[in-house]
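Given next are the chains, with one letter for each unit.
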Amino acid sequence: MNKTWLIIQREYATRVKKKSFLLITFLGPLLLAAGLSLVMYLSVKENINHRVLIIDEKAPAFSNLQNTPNIEFNYGTGMDINHAKDVLFNSDYTCVLYIPRNIERSNTSKLYYKKQPSGAVIRVIEDKVESVVEELKLKQYNISRDEFYDVKTNFVLNSVKFTESGEEEKLDKAKSYVGFFFGAMIYIFIFLYGVQVMRGVIEEKSNRIIEVIITSVKPFQLMLGKIIGVAFVSLTQFILWIILTMGILTTVQSTLFKDYYDPTTIATQTQVTPEIAMQMQMEQIDQKKFDLLDPNNIINRTNWPLMIGLFIFYFLGGYLLYSALFAAVGSAVDNETDTQQFMLPVTLPLTLAYVLSTAIVENPEGSLAFWLSIIPLTSPIAMLVRVAIGIGEGGIPIWELVLSVVSLIVGFILAVLLAAKIYRTGILMHGKKISYLELWKWLTHK
Amino acid sequence: MNDILDIKGVSKFYANHTALNQVDLSIAPNKIFGLLGPNGAGKTSLIRIINQITGPDEGHLFFDGQPLSPEHQQSIGYLPEERGLYKKMKVGEQALYLAQLKGMSKAEALSNLKEWFLKFEITDWWNKRIDELSKGMQQKVQFIVTIMHKPKLLILDEPFSGFDPINATLIKNEILQLKEEGTSIILSTHNMSSVEEICDDIALIYKSNKILDGSVEEIKEARSGNEFSVKYAGDHMAFTKALWVDAELKNTQTFANGIHNSTIKLSESKTTNDLLKAILPHVRVLGLEKVIPSMNDIFISRVNEINQENDE
Chain W
1 MNKTWLIIQR EYATRVKKKS FLLITFLGPL LLAAGLSLVM YLSVKENINH RVLIIDEKAP
61 AFSNLQNTPN IEFNYGTGMD INHAKDVLFN SDYTCVLYIP RNIERSNTSK LYYKKQPSGA
121 VIRVIEDKVE SVVEELKLKQ YNISRDEFYD VKTNFVLNSV KFTESGEEEK LDKAKSYVGF
181 FFGAMIYIFI FLYGVQVMRG VIEEKSNRII EVIITSVKPF QLMLGKIIGV AFVSLTQFIL
241 WIILTMGILT TVQSTLFKDY YDPTTIATQT QVTPEIAMQM QMEQIDQKKF DLLDPNNIIN
301 RTNWPLMIGL FIFYFLGGYL LYSALFAAVG SAVDNETDTQ QFMLPVTLPL TLAYVLSTAI
361 VENPEGSLAF WLSIIPLTSP IAMLVRVAIG IGEGGIPIWE LVLSVVSLIV GFILAVLLAA
421 KIYRTGILMH GKKISYLELW KWLTHK
Chain Z
1001 MNDILDIKGV SKFYANHTAL NQVDLSIAPN KIFGLLGPNG AGKTSLIRII NQITGPDEGH
1061 LFFDGQPLSP EHQQSIGYLP EERGLYKKMK VGEQALYLAQ LKGMSKAEAL SNLKEWFLKF
1121 EITDWWNKRI DELSKGMQQK VQFIVTIMHK PKLLILDEPF SGFDPINATL IKNEILQLKE
1181 EGTSIILSTH NMSSVEEICD DIALIYKSNK ILDGSVEEIK EARSGNEFSV KYAGDHMAFT
1241 KALWVDAELK NTQTFANGIH NSTIKLSESK TTNDLLKAIL PHVRVLGLEK VIPSMNDIFI
1301 SRVNEINQEN DE
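Note that the protein sequences, when read in sequence, are chains W and Z.
Counting in the working numbering, the first sequence runs from 1 upward without gaps.
Counting in the working numbering, the second sequence runs from 1001 upward without gaps.
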């Protein structure tokens, strides 16, 4: 055991000290934060004002479009569209909105621009034009707006789970998407670190140090030490990523975007009182579904301690299982290019679970979801997608979770024992292409 | 005193061939034992069994009188034929790691290693990565790594391959020194001439079988036959005529100034005195010595015997 610990330490230290580890660990969150900051920056930058020149062939129907804080509507009365296009180039107008004569029938109009306006700006203009077109049509058919709203139907089917205690709960698809996100993370990380174990095995085998090491320790200890060492590397990387990403995001938010989130700045810009500015900001955030005070927000409806706890368990369980198989693959080959023939059966179940997790999101309590979340090869992804909707009342039954956890533990123990049999023979084989038949012989050899 | 290693009836079978067939060997303490044989004879299989990398399918091994068990791994040092170290690891770190895996404490390993690094004049390499060293330098590091835990039994597979003559001599002296200090050593090689001068005992392995073993002196004595090499000045024809039926001329080398060197095989009952009596009147004898066969010759003649036995 003492020697296994030495191996764990070496595997951990050599990887953590590598430049590539430091690079990925520190650059990863930086890139992520940079990406997020860019999105935030661009959405702030969208506040640049648009001056829209309207060529209205149905004048004066569209002469009453309300300006918004960043869109100003102007009217080119008597101007034809070709002239307006010339004007667009030689003025500070940013777009030309062309309202054709037959707009009620065609239901389209054109927006000419110099620089592509954002989706949000286009949507605002669309909404405003749509509402005027509706108005025109209502007049034409002589229908009042109230009657129109009454007729217009937005049908919703609420699916409600009826539980034993008589409680009703909505099946929560948004929650499954949180699970889907965690499942995807597990998929990526099992591959990332599993392949590291495989490379380590190939390295030891191809540079022949393996023969020196296994005169000091059992092959099983070496394999286990490597797997556990890399597991610690992965946990280190997770923790650093979480801390760094949060740190960077907080810093960026409080420096670069300080003005944007400060109500007094908004107040001076828009000439309203800070209180109103605050309210405006709240509304704005609400629209973006960022309101962390809202109990209905998906961030708040997710049971984070449960999700993170299960994420760590299923990641470790899945990683132990798959990295043992990756180690077996590594031991059977002389170099990385030869791994391909053995990789498919290892990667297939994991990839399948990932691909099928969209189906699990759709139907988290179906029999496909059930079996995928019990079989240890797929459960790390499948179960995480499912547990996101909750466990116990209204979620998946506790016995299913327990069964899945137990079967994953049994699964990885079996995988490690199985892999060890291939590993101890494979590491001493050189210069020979190994077939599946050969692997089977190694497995069944006493 | 127990034999350091006693191998009794060890066999190893692979899917379609037998790697070792009922091999018995005794390795005496404080001796250098040559495990000789061509490539593929089964030497590496035997070494792996001694190192407990694989187990024997039949037979038993005893280390210092006790059945061989994993705890003995700490008392064995092994230099594999295919050398290998972690290429990206620093020399010192790596040596410390391997020493600790052999059961040494960190402090003990550190002081031992410092000594060896000084002795081999490689203290500057401590912080270099293995892949920054030349092949010969890597070999030196590997040799130190093999012996640093002061094993009772040292197994060296092709110890001199990859060393230049200077370093090969250095290693050879080191091996002799270790023997002086009480280490028992197994040298495995297919290059018999490279080790025969330093081995005390040998075993020949051929096609999974042990075909000959014993002390080098005794084997050579037993296999030398009654052959002598005579160096003389004079007429070769006169020399030949002087020989009789119990002294058979095997071959002759002729040098300048009428000097010859002939190999004579005497029948069992005759001695060198009989030979000298016969030739002294005819030529001037410059030298006479017994022909000692090389290990290579012994191996080839033994293999021929085996093949003949099998044919019969």
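Please keep in mind that the hints were generated in silico from the structure rather than gathered at the bench.
Incorrect hints may have been included.
Below 25 angstroms or equal to it, Euclidean Cα-Cα: the simulated SDA-like pairs (lysine to any residue) are [to be verified]:
1. Z:K1128 to W:L23
2. Z:K1135 to W:T14
3. W:K115 to W:L138
4. Z:K1088 to W:K421
5. W:K432 to Z:H1190
6. W:K421 to Z:F1013
7. Z:K1152 to Z:P1067
8. Z:K1088 to W:T4
9. W:K441 to Z:K1088
10. Z:K1150 to W:R208
11. W:K421 to Z:K1152
12. Z:K1128 to W:Q9
13. W:K114 to W:F148
14. Z:K1087 to W:A33
15. W:K433 to Z:E1221
16. W:K218 to Z:P1070
17. Z:K1150 to W:K421
18. W:K218 to Z:S1069
19. W:K19 to Z:H1017
20. Z:K1090 to W:L23
21. W:K433 to Z:K1150
22. W:K441 to Z:D1057
Between beta-carbon pairs, the in silico distance windows are [to be verified]:
23. Z:H1060 to W:F181: 43 to 49 angstroms
24. Z:I1292 to W:S435: 26 to 32 angstroms
25. W:T337 to Z:D1297: 45 to 51 angstroms
26. Z:G1136 to W:T337: 43 to 49 angstroms
27. W:S20 to Z:N1016: 40 to 46 angstroms
28. W:V410 to Z:N1307: 53 to 59 angstroms
29. Z:A1015 to W:W371: 36 to 42 angstroms
30. W:L428 to Z:K1270: 52 to 58 angstroms
Values in this document were obtained by computation on a predicted structure and should not be read as measured data.
From the three backbone atoms N, C-alpha and C, an ideal C-beta is built for every residue, glycine too.
So, going through the hints one by one against the coordinates:
1. Of the pairs offered as hints, the one joining K1128 of chain Z and L23 of chain W holds, with about 23 angstroms between alpha carbons and a cut-off of 25 angstroms not exceeded.
2. Restraint check for K1135 of chain Z and T14 of chain W: the C-alpha separation of about 23 angstroms stays at or below 25 angstroms, so the hint holds.
3. Distance check on the hinted pair: K115 of chain W and L138 of chain W sit about 35 angstroms apart at the alpha-carbon level, beyond 25 angstroms; violated.
4. Only pairs whose Cα atoms come within 25 angstroms are accepted, and K1088 of chain Z paired with K421 of chain W is rejected, the gap being roughly 28 angstroms.
5. With a C-alpha separation of about 23 angstroms, the suggested pairing of K432 of chain W with H1190 of chain Z holds against the 25 angstroms cut-off.
6. Using a Cα cut-off of 25 angstroms, the hinted pair K421 of chain W and F1013 of chain Z holds, with the two alpha carbons roughly 18 angstroms apart.
7. Taking the CA atoms of K1152 of chain Z and P1067 of chain Z, the gap is about 16 angstroms. The hint holds against a cut of 25 angstroms.
8. A threshold of 25 angstroms between alpha carbons decides the hint, and for K1088 of chain Z with T4 of chain W the separation of about 21 angstroms falls inside it, so the pair holds.
9. A C-alpha spacing of about 34 angstroms is found between K441 of chain W and K1088 of chain Z, which places the hinted pair above 25 angstroms, so the restraint is violated.
10. The straight-line distance between the Cα atoms of K1150 of chain Z and R208 of chain W is roughly 23 angstroms, inside the 25 angstroms bound, and the hint therefore holds.
11. Distance hint between K421 of chain W and K1152 of chain Z is unfulfilled; the C-alpha atoms sit about 31 angstroms from each other, more than 25 angstroms.
12. With a CA separation close to 20 angstroms, the supplied pair K1128 of chain Z and Q9 of chain W stays within the 25 angstroms bound.
13. Annotation: proposed proximity of K114 of chain W to F148 of chain W is violated, straight-line Cα distance about 37 angstroms (limit 25 angstroms).
14. With a C-alpha separation of about 36 angstroms, the suggested pairing of K1087 of chain Z with A33 of chain W is violated against the 25 angstroms cut-off.
15. About 47 angstroms separates the Cα atoms of K433 of chain W and E1221 of chain Z, which puts this hinted pair outside 25 angstroms; it is violated.
16. Restraint check for K218 of chain W and P1070 of chain Z: the C-alpha separation of about 9 angstroms stays at or below 25 angstroms, so the hint holds.
17. Simply put, K1150 of chain Z and K421 of chain W have alpha-carbon atoms about 32 angstroms apart, too far for the 25 angstroms limit, and the pair is violated.
18. For the suggested pair K218 of chain W and S1069 of chain Z, the alpha carbons sit about 12 angstroms apart, so the restraint of at most 25 angstroms is met.
19. Distance hint between K19 of chain W and H1017 of chain Z is unfulfilled; the C-alpha atoms sit about 47 angstroms from each other, more than 25 angstroms.
20. Restraint check for K1090 of chain Z and L23 of chain W: the C-alpha separation of about 21 angstroms stays at or below 25 angstroms, so the hint holds.
21. This hinted pair does not check out: K433 of chain W and K1150 of chain Z have alpha carbons roughly 38 angstroms apart, beyond 25 angstroms.
22. With a C-alpha separation of about 16 angstroms, the suggested pairing of K441 of chain W with D1057 of chain Z holds against the 25 angstroms cut-off.
23. Between H1060 of chain Z and F181 of chain W the CB atoms are about 59 angstroms apart, so this pair departs from the stated range of 43 to 49 angstroms.
24. Our hint of 26 to 32 angstroms for I1292 of chain Z and S435 of chain W is violated, since their Cβ atoms are close to 51 angstroms apart.
25. As the Cβ distance of T337 of chain W to D1297 of chain Z is approximately 46 angstroms, the hint placing it in 45 to 51 angstroms holds.
26. Against the hinted window of 43 to 49 angstroms, the Cβ-Cβ separation of G1136 of chain Z and T337 of chain W comes to about 30 angstroms, which falls outside the hint.
27. Checked against the hint of 40 to 46 angstroms, the C-beta distance between S20 of chain W and N1016 of chain Z comes to roughly 44 angstroms, which is consistent with it.
28. A hinted range of 53 to 59 angstroms for the beta carbons of V410 of chain W and N1307 of chain Z is consistent with their spacing of about 57 angstroms.
29. Our hint of 36 to 42 angstroms for A1015 of chain Z and W371 of chain W holds, since their Cβ atoms are close to 38 angstroms apart.
30. One distance hint, 52 to 58 angstroms for the beta-carbon pair L428 of chain W and K1270 of chain Z, holds here, with the actual separation near 55 angstroms.
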